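**Student:** Chains as they are written, first to last, in the working numbering: chain A, 63 to 266; chain B, 34 to 299.
Derived by calculation from the structure, the hints in this document are not laboratory data.
Treat the numbers as computed from the prediction; the structure is a model and nothing was measured.
Each residue gets a CB set at the ideal place from its N, CA and C atoms; glycine is no exception.
There could be a bad hint or two in this list.
Unchecked claim - Quick list of simulated restraints, FRET-style, between CB atoms: (1) B:Gly47 with A:Tyr253: 42 to 50 Å; (2) A:Lys113 with B:Thr126: 53 to 61 Å; (3) B:Ile245 with A:Met241: 23 to 31 Å; (4) A:Met241 with B:Glu223: 17 to 25 Å; (5) A:Asp242 with B:Gly48: 28 to 36 Å; (6) B:Lys258 with A:Asn240: 49 to 57 Å.
To be verified - Chain B is nowhere near these chain A residues, computed Cβ spacing over 12 Å in every case: (7) Ile77; (8) Leu90; (9) Ile129; (10) Glu154; (11) Ile165; (12) Tyr173; (13) Asp182; (14) Asn212; (15) Ser234; (16) Ile244; (17) Val252.
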Amino acid sequence: MREGLVSFKGINGGIYINIKDGEFNTILKELENKLEKSIDFFKDAKIIGIKGDSITKEEKNELLNVIKYKYELNITEDLESHFKEDIFEGIEEGMTRFINSTIRSGQVVEYEGNIVIIGDVNPGALIKARGNIVILGSLKGVAHAGVDGNTQAFIAAYDLRPTQLRICSIISRKPDGNMDFIGIPEVARVYNKEIIIEPYLPRK
Amino acid sequence: MGIGKAIVITSGKGGVGKTTTTANIGTGLAMHGYNVVVVDTDIGLRNLDVVMGLENRIVYDIVDVVDGNCRLKQGLIRDKRFDGLYLLPAAQTKDKTAIKPEQMVELVSKLKEEFDYIIIDSPAGIEQGFKNSIAGADEAYIVTTPEISAVRDADRVIGLLEAYGISNPKLIINRIRYDMVKRGDMMNVEDIVDILAIDLLGIIPDDEAIVISTNKGEPVVAEEKPLSAKAYRNICNRILGKEVELLDLENNEGKLSKILKLLFSK
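Working from the sequences, and respecting the hints, build out all of it.
**Tutor:** Shown next as structure tokens:
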């Protein structure tokens, strides 16, 4: 029997149940085992919902019923709004990290808000932000903005020639062939689930 | 009591000219009258002894010294061609786990008592051998060729050196073929310096004389005619604090003015 399909994860003052891909009966057995083992803990816990990308609606309901009626636990089912709360919203005004140096191949810069780099980002470097990424220099590495779900996050650079751009879960790579410096700063944003690159101001 | 400056020659990428550069800078500085020891830390794949033409004289090596099987003096090989020039060879029958960084630090501090310059030849890569070679170094010179893969690796290594506390490494660009640069088929000096963003110490043209001198075991820097020899002598002069214009590979004399600004700006 495969263990580990059912796990409990904390989020903003509550717990949700995370279900991985697997056979439903195994999942059900595992959930019941875990609930029984720590029933006292779960009686007091605030269970917010069930998250499982591979279970069907009916299966989800069956699990919910087991939790509510067999084990008599409280479950509020407002998982969606909790997840929304976790996404970084400060892309117009929010916490920002400033770095004044070149980021080299193999280095990773991560931050829970926006990132501004005054310097170049060399190929092989990775910048990850929950918010926006602004590079006052050449972006030749990989930049990943809106890491936890904010599709409005943008990536801007003085010289935008990245190996790859990622906003949220959308990935885009530069066109094949050598790109020369365009000459003006550019901004990458998501429109219609695609990453589009525009000049930094509309009329440039 | 020597000046005691320990410089590691490293690159990340293999085959770009670290060992050749170590041998030629070491010999070049000795030609100026300084006490120099060149140290090979590429344990298991030693080459510095061959390039220096001293392999027949090896009895003890760096592992013997560090393990205490012999005294430091016994491990050092005196180069009879130049006063004050010594080699501490690597071991060939062991591998890079035979030495720890702490042992290197101790060894280098002992060497600093006897020598003005300690030039440390680093192996390729970023693992144990590399870590050993930089332990105890005061400064680093990064060698790269004008090829995108070498520059990528050099960038990685510069980042690692910064993390290990060796800042302001200097750059040596090796094996430049001016005809290819002119045609646009090879990266030029400015592009490389722009990406790596460190001070340029010197450039060395691709030169048949290096192949010949390596096979003979006689570092090219001592010869008068080859352009690469001149390039290495220029680098040695810059290390000693003298201002020397970069070789103009087109006309064999002169200027690349933007690069000069980079070179002399501090």
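**Student:** Now look at each hint and say whether the structure bears it out.
**Tutor:** Cross-check of the supplied hints:
At about 45 Å, the beta-carbon gap between glycine 47 (chain B) and tyrosine 253 (chain A) stays in the expected band of 42 to 50 Å. A hinted range of 53 to 61 Å for the beta carbons of lysine 113 (chain A) and threonine 126 (chain B) is consistent with their spacing of about 58 Å. For isoleucine 245 (chain B) paired with methionine 241 (chain A), a C-beta distance near 41 Å fails the hint of 23 to 31 Å. About 18 Å separates the C-beta atoms of methionine 241 (chain A) and glutamate 223 (chain B), a value consistent with the hinted range of 17 to 25 Å.
The hint said 28 to 36 Å for the Cβ distance between aspartate 242 (chain A) and glycine 48 (chain B), and at roughly 30 Å that hint holds. Lysine 258 (chain B) and asparagine 240 (chain A) have their C-beta atoms about 38 Å apart, which leaves the hinted 49 to 57 Å range violated. At roughly 38 Å, the least C-beta separation between isoleucine 77 (chain A) and chain B is larger than 12 Å, which holds for a residue marked as non-interface. For leucine 90 (chain A), the requirement that its beta carbon stay farther than 12 Å from each beta carbon of chain B is met, with the minimum near 48 Å.
Its beta-carbon lying about 48 Å from the closest one in chain B, isoleucine 129 (chain A) satisfies the requirement of being farther than 12 Å from that chain. Even its closest Cβ contact with chain B, about 32 Å, leaves glutamate 154 (chain A) beyond 12 Å, as expected for a residue assigned away from the interface. A Cβ of chain B approaches the Cβ of isoleucine 165 (chain A) within 12 Å, the least distance being about 8 Å, so the stated non-interface status is violated. Non-interface status of tyrosine 173 (chain A) relative to chain B is upheld: no Cβ of that chain comes within 12 Å, the nearest being about 18 Å off.
For aspartate 182 (chain A), the non-interface assignment is contradicted: its Cβ lies about 7 Å from the closest Cβ of chain B, within the 12 Å cut-off. No Cβ of chain B comes within 12 Å of the Cβ of asparagine 212 (chain A); the nearest lies about 29 Å off, and the non-interface call holds. At roughly 22 Å, the least C-beta separation between serine 234 (chain A) and chain B is larger than 12 Å, which holds for a residue marked as non-interface. Against the 12 Å criterion, isoleucine 244 (chain A) stays outside the reach of chain B, whose nearest CB is about 17 Å from its own CB.
No Cβ of chain B approaches the Cβ of valine 252 (chain A) within 12 Å, the least distance being about 29 Å, so the stated non-interface status holds.
Comparing the model with each earlier hint shows violations of hints 3, 6, 11 and 13; every other hint is respected.
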